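Number of protein chains: 2
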Amino acid sequence: MNEFENLKGFYDRYPSEWVAWRELVDTVEETAREFGFRELDAPSVEPTDLFRVKSGEDIVEETYSFVDKGGREVTLIPEQTPTRARLVQQRKDLGTPIKWFDTSKRWRYEAVQKGRDREFFQTDFDIFGVESVEADAEIIACAGTIFEKLDVADSVEFKLNDRQLLDALLRGLGVGESKDVMRVIDKKEKISRKEFLGKLEAEGVDRETAEEIDELTAISGEMESALVELSNKAPESEAADEAIGRMHDLYNALSAYGVESMCRFDLSIVRGMDYYTGLVFEAFATESDLRALFGGGRYDDLIGQFGSRDVPAIGFAFGYSPTMQLLKELGEWPDETISTDAYVLTISDSVHEIGLKYAMDLRRGGLKVETNLTDRSVGEQFGYADRINAKYTIVVGERDLNEGVVTVQNMASGDEKQIPKDQVVEHVLNLL
Amino acid sequence: MNEFENLKGFYDRYPSEWVAWRELVDTVEETAREFGFRELDAPSVEPTDLFRVKSGEDIVEETYSFVDKGGREVTLIPEQTPTRARLVQQRKDLGTPIKWFDTSKRWRYEAVQKGRDREFFQTDFDIFGVESVEADAEIIACAGTIFEKLDVADSVEFKLNDRQLLDALLRGLGVGESKDVMRVIDKKEKISRKEFLGKLEAEGVDRETAEEIDELTAISGEMESALVELSNKAPESEAADEAIGRMHDLYNALSAYGVESMCRFDLSIVRGMDYYTGLVFEAFATESDLRALFGGGRYDDLIGQFGSRDVPAIGFAFGYSPTMQLLKELGEWPDETISTDAYVLTISDSVHEIGLKYAMDLRRGGLKVETNLTDRSVGEQFGYADRINAKYTIVVGERDLNEGVVTVQNMASGDEKQIPKDQVVEHVLNLL
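Read top to bottom, the protein sequences are chains A and B.
Residue 98 in numbering that gives the first Met the number 0 sits at position 99 of the first sequence, with consecutive numbering throughout.
Residue 177 in numbering that gives the first Met the number 0 sits at position 178 of the second sequence, with consecutive numbering throughout.
No lab work stands behind these hints, which were simulated from the structure alone.
The reader is advised that the hints may include incorrect statements.
One copy or two, either will do: identical chains are not told apart, so a pair holds if it fits within one copy or between any two.
[As the list claims (entries may be wrong)] No farther apart than 27 Å at their CA atoms in a straight line, the calculated lysine-lysine pairs in the DSS-like style are these:
#1 K390 x K148
#2 K91 x K7
#3 K148 x K327
#4 K158 x K356
This one's a predicted model, so the numbers in the text were calculated from it and none came from an experiment.
Extracted from the complex, chain A is given alone in its bound form:
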């Protein structure tokens, strides 16, 4: 018969592969917890209208959206921000800061290609209800700590900008409608200088100002010196001075957290989405041609569109696929190997139940234990113990038991030791 396949863009992750994923997810979630983010759980399916608020009608084409049996238009969530907006709006009693994380699956109906999965994991981090630089700094510090824990902090950098700062600078140069100009700046990295200037002129910016914008948005680098350069080159503007001051405060906080060396100021970072209102940042791999690992920013005006109260917000969504690629490139992807603390080997049927008792007592001690479920020979059992990477094999045999002992074999060294039969569990627990 025909065998079945999974859908394109969806993944089967067998246990050995999943071991490595699990380690990565655990690192991300452990960091979230240490920073005081609280885990929540929310639906994977929402009314399509919820996504229209932020993304308009296009969202229907880009997602798994369908009409359910009750006639409701529903969508497999492509992101969790609209859901979180709903959750923040429906519980006015929540004290601030509201700091949330969770890891869950998201779905997008995309052309299947490398790095564009139709089903993917994300861990969303958000701080709601606080407008301060301190919240901005905490978000960056948290993201930076993830890479520290993954031992790749030296190979990752955060490019930071502030939309309010950019807006103030543009206004200082006489640009009225800064959003259209920002969209051009967002594309700057991908186009030639000539094209860049042309596109600015197409937005009604005169040639001279376009050149000034080109020069200003070239400012990037180590934060402290970039901010000095910016102060020197910036047009006179109170708003700009204020925004530069805020960026200085951010730098000081990032230094206190010890993550300032991962951060660069880059005035050309805008991020595509219109809803960002302040800090924007993207994580890049410095020694790789990977696209941005992920990005985030402040979106103080978005939550208010989902209900009756305005709530400032800053966050990012940690995406797993690009980080997985980076870790593989750097040789830091965890081993795709299952692990087992102990295998209980039984030499004959007559000792099978004694073997089960040992297995159970070791498990009660918190160990990961397997034992013989079939009528395998001693050799086959050792082969299985090796295959599941058992650290120790507990060999239970009738002759040994009659002499009051059980043999414990270290599977790496091959060393074996006879242990009094009533001290086996304690002995193995102490070894591990």
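Add chain B to chain A, keeping to what the hints say.
Below, chain B without anything else, positioned relative to chain A:
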């Protein structure tokens, strides 16, 4: 504006509620790992045809099934068994036993009512590739250990039966097509004796045999004595004797695991689904009118329907909602309270960055730490520390720092202690 709501049958779980869920999920997964089950990850959406194999065309009506933008009929997985069958078939190289678990969401389009959610979590446990009683016993022992860890083992019992045993007994009584009769037995608990006998007669069983079936299927209770009773009452049959012997072996293994006191033999347990081929079991709450917590069994013929090789299998799906209800009834549901190890309080802006350093160093020590993100007063900060249940508040103030100390306050007792400022992190790490 109108605020948004989640879909009916879907749940928002805010952090305080989720704390308790997380504890339950962690207990289930920890048990799985200790028993040597390996975690995997698989798609949440599969081709609808995959579910038709096991469940026929009805599955379309009972699930979130729709046609995607590429014209594919797809389904949000209502269970993971068909996916696992696919995974087992597509990797012929996997050595046995294949022991898998994972916790993920499932979806069913059901009439919304208590205990019937449209989106729900399940942890599936399966052992593939092993036909032995040992695998049966390990599955039950694993399920039993979950309830031991939840401190409710005394209030849960597993009703066990073996379809092959029941089949042998029915054949011994002259019943030819035992599957139809088993379907009647499956309903026995819910109908009167008269109805039961009538339904058996409607299946072509004569009155006398129907009464014998009624008597036999009344056998239930502590396994050892029930098996003695069964041996006495069973019609002469080699197949029945063999099946009774197998149940004895299972009892011995369950005793070795120490979970036999949770197990009862019950010849009326059949489980609805036709695909079970051997052991069947259901977990019940003994002091509650909750329906079965979950059930499982052996299904040796199912995997072969998904591909070219036959693979014996036994498993169960741990369902969370009924267990949650049980734990609540028994007062064993974990506290719905967020927890925090330390809050770093800063008395003035001037010490803010020193506070950030302490917070970061405590986090590097693995603690869950929050600090001040706004311009809150000392009183407001203590209020916040209390609200997030911080165990300790580290009070950083300029005057203290000038004297070389920081104050650490135990939030439960109110005791405070001045600690040399360079020993604060070590001190707090030692306290926790």
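Structure-based check of each hint:
{"no.": "1", "hint": "K390 x K148", "result": "both (26 Å within a copy, 25 Å between copies)"}
{"no.": "2", "hint": "K91 x K7", "result": "between (41 Å within a copy, 21 Å between copies)"}
{"no.": "3", "hint": "K148 x K327", "result": "within (15 Å within a copy, 38 Å between copies)"}
{"no.": "4", "hint": "K158 x K356", "result": "between (57 Å within a copy, 22 Å between copies)"}
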